[in-house]
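Student: Quick mapping for you: the protein sequence lines, in order, are chains U and V.
Here my numbering is used: the first residue of the first sequence is 4, the next is one more, and so on.
Here my numbering is used: the first residue of the second sequence is 4, the next is one more, and so on.
No wet-lab data here; the hints were simulated from the structure.
Keep in mind that a hint or two might mislead.
Which copy is meant is left open, because identical chains are indistinguishable; a pair holds if it fits in one copy or across any two.
[Claimed, not checked] Once the Cα atoms are required to be at most 30 Å apart in a straight line, the calculated DSS-like pairs of lysine-lysine come out as:
{"no.": "1", "residue 1": "K20", "residue 2": "K105"}
{"no.": "2", "residue 1": "K20", "residue 2": "K155"}
{"no.": "3", "residue 1": "K64", "residue 2": "K20"}
{"no.": "4", "residue 1": "K105", "residue 2": "K155"}
{"no.": "5", "residue 1": "K155", "residue 2": "K143"}
{"no.": "6", "residue 1": "K54", "residue 2": "K155"}
{"no.": "7", "residue 1": "K105", "residue 2": "K54"}
{"no.": "8", "residue 1": "K155", "residue 2": "K64"}
{"no.": "9", "residue 1": "K143", "residue 2": "K105"}
{"no.": "10", "residue 1": "K20", "residue 2": "K54"}
Bear in mind that the values here come from a model prediction, so they are computed numbers and not experimental data.
Protein chains: 2
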Amino acid sequence: MTKTLGKTRDKTRIQRKNTATILEAALDVFSTHGFRGSTVDQIGNAAGLSKPNLLYYFSSKEAIHNALLSGLMDTWLDPLRALDAQGDPLPEILNYVCRKLKMSREFPRESRLFANEIIQGAPRIMGALDAELRPLVDEKCAVIAGWIAAGKIAPVHPYHLMFSIWSLTQHYADFDVQVHRILGQDTDPYPEAEVYLETLFTRMLTPQTI
Amino acid sequence: MTKTLGKTRDKTRIQRKNTATILEAALDVFSTHGFRGSTVDQIGNAAGLSKPNLLYYFSSKEAIHNALLSGLMDTWLDPLRALDAQGDPLPEILNYVCRKLKMSREFPRESRLFANEIIQGAPRIMGALDAELRPLVDEKCAVIAGWIAAGKIAPVHPYHLMFSIWSLTQHYADFDVQVHRILGQDTDPYPEAEVYLETLFTRMLTPQTI
DNA sequence: GTCTATACAAAGATAGAC
DNA sequence: GTCTATCTTTGTATAGAC
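Construct the entire structure; sequences and hints are all you get.
Tutor: Listed below in structure tokens is the structure:
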């Protein structure tokens with residue numbers, strides 16, 4: 004609102020910074036407690052801002068949640084988009100598994116945010132599932148079906164293969180607490196998980212030449 | 004409080020019926036919205052009882068939730084308890100997978116209740132994880148390690164094998180909405196899931212004789 | 001045992017001063 | 001842009017009539 008470019012850019016910089024801080028804090032809170040289980044106060048505290056100030060940047064609690072979700076689906080699908088129909092079938096799939104596992108490791112909160120949303124009936128991302136997820140999955144499953152038909156990998160149900168990759172990799176983010184209760188608090192499960200999953204998919208997908 | 008056995012039993016019968024109705028309704032609501040996302044009103048409506056009447060049977064919202072959780076862990080571990088160290092290794096594991104998948108099919112709400120709890124940090128069942136889940140898992144993983152050492156099944160990390168069984172089977176209950184969005188609303192995913200999982204674990208665990 | 005009415009606390013959102 | 005104070009709604013739980 005001020006006239007000078009300098010001040011305008013200052014404002015924008017603060018806004019950007021606070022917006023980012025809020026989203027960061029909100030990710031923490033929403034991913035742990037779910038949408039209805041989270042309060043604006045909690046998010047404010049986590050962000051170091053007062054409740055009214057927080058609502059100066061976002062018009063409502065739901066607006067914050069939407070901002071998080073709207074960016075999420077895109078990022079979430081990146082590893083699958085990178086699956087290359089022209090590549091070597093088995094390595095392509097193993098690399099996809101690897102990328103997905105890396106996402107769980109690096110973005111566990113995003114994974115839990117997504118999981119919370121799906122478990123609770125996906126009320127806010129049902130549209131994105133139909134518009135973005137399903138078409139991409141259909142496309143990539145067709146690729147996999149092609150590889151199977153060509154005898155490049157062993158025959159399996161492409162869609163359930165997809166489900167298995169998701170569930171196996173996301174488990175380490177979503178059920179993190181349980182994994183650590185079993186393996187011990189100080190254990191990093193990811194290195195062994197990577198070995199395990201590579202073994203699993205290699206054995207399952209290697210064509211039987213007998 | 005009445006003197007005659009008849010009336011006393013009548014009361015008890017009503018109490019049992021209403022208690023069961025409430026728990027049934029609460030399972031519906033809690034498994035969908037999580038603890039903090041659920042309201043006593045919702046549960047009351049689902050149970051066909053007024054809010055105060057519901058609180059006549061359970062002292063608080065948390066008491067209802069506790070009643071559900073306390074029974075859950077035991078049921079949840081039954082399929083794993085049945086894993087028999089004396090049995091044939093591969094069929095034993097495949098049967099465990101099968102029982103676990105059947106649990107997802109028959110008790111999807113219980114699965115989601117559990118998933119909600121774990122994702123949100125397991126505040127109310129951390130104790131049960133340490134006291135019941137971990138010892139049982141340790142025991143059964145030792146059995147599996149024995150089978151591997153004896154060359155009865157191919158070498159894999161026993162604990163990650165366990166995680167993979169859980170994640171693959173529970174996925175069909177917890178991410179039910181997503182599965183149906185991908186496969187179509189009217190598709191029953193379980194028959195093909197069973198074939199897929201049997202194939203997966205057979206290929207992974209069959210010892211390589213080469 | 002079940003209801004209506006209500007107390008009480010928590011949470012979302014706004015007003016208005018600074 | 002940020003705060004204090006406040007309004008309003010919603011939600012947990014209880015009081016007390018029937």
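Student: Take the hints in turn and mark each one as holding or not.
Tutor: Here's how the hints hold up against the structure:
1. K20 to K105: Within one copy, since 27 Å is at most 30 Å while 49 Å is not.
2. K20 to K155: neither (50 Å within a copy, 58 Å between copies)
3. K64 to K20: within (19 Å within a copy, 40 Å between copies)
4. K105 to K155: The answer is within: 26 Å in one copy meets 30 Å, while 32 Å across copies does not.
5. K155 to K143: within (15 Å within a copy, 36 Å between copies)
6. K54 to K155: neither (57 Å within a copy, 61 Å between copies)
7. K105 to K54: Classified as neither; 35 Å inside a copy, 46 Å across copies.
8. K155 to K64: Neither, since 49 Å and 55 Å both go past 30 Å.
9. K143 to K105: This pair counts as both: shortest intra-copy Cα distance 20 Å, inter-copy 29 Å.
10. K20 to K54: within (17 Å within a copy, 45 Å between copies)
Violation of the numbered hints given earlier is confined to hints 2, 6, 7 and 8; the remaining hints are satisfied by the structure.
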